[in-house]
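Student: The task is simple: from the sequences and hints, build the whole structure.
Following the numbering used here, the numbering of the sequence shown begins with 1 at its first residue and continues without gaps.
Take these hints with a grain of salt, some might be off.
Subject to a maximum C-alpha distance of 25 Å in a straight line, what follows is the list of computed SDA-like cross-link-like pairs (lysine to any residue) [as the list claims (entries may be wrong)]:
#1 79 - 33
#2 79 - 20
#3 83 - 58
#4 79 - 32
#5 79 - 31
Keep in mind that the hints were calculated from the coordinates and are not lab data.
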Amino acid sequence: MIENVPAQDWETWIDSTGGTVLDIREPFEWELGVLPDATLISMGEIPARIGELDNDQAFLVVCRSGGRSQQVAAYLVMKGFDKVANMTGGMHALGLQD
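Tutor: As structure tokens, this is what we get:
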């Protein structure tokens with residue numbers, strides 16, 4: 001099961017896990033705002049760029065509202081990543097994207 005982290009708790013989750021934000025939105029969405037130190041790989045690029053991700057690292061997957069990030073989190077778990085969570089509500093919940 002994938003952990004769901006409420007958007008307002010993202011910093012606490014990162015601090016407690018030593019994790020990284022994996023922002024999977026499209027480039028035009030990134031221009032609207034990005035969380036500090038986020039890794040930016042759009043959803044469509046994840047399969048081709050999965051080798052860039054350390055499967056020992058914890059990842060909090062982020063998108064606009066939490067739907068796409070849930071799918072990518074499930075994909076990463078299927079590919080053997082253990083420490084993956086979905087940020088529920090996404091950037092929208094933080095007021096950083098409509």
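Student: Compare the structure with each hint and give your call.
Tutor: For each hint, the structure was consulted:
1. 79 - 33: Status violated; Cα separation ~29 Å.
2. 79 - 20: holds (18 Å)
3. 83 - 58: The hint holds at about 5 Å.
4. 79 - 32: Violated - the C-alpha atoms of residue 32 and residue 79 are around 30 Å apart, more than 25 Å.
5. 79 - 31: violated (29 Å)
Violated hints, listed in ascending order, are 1, 4, 5; each of the other numbered hints is respected by the structure.
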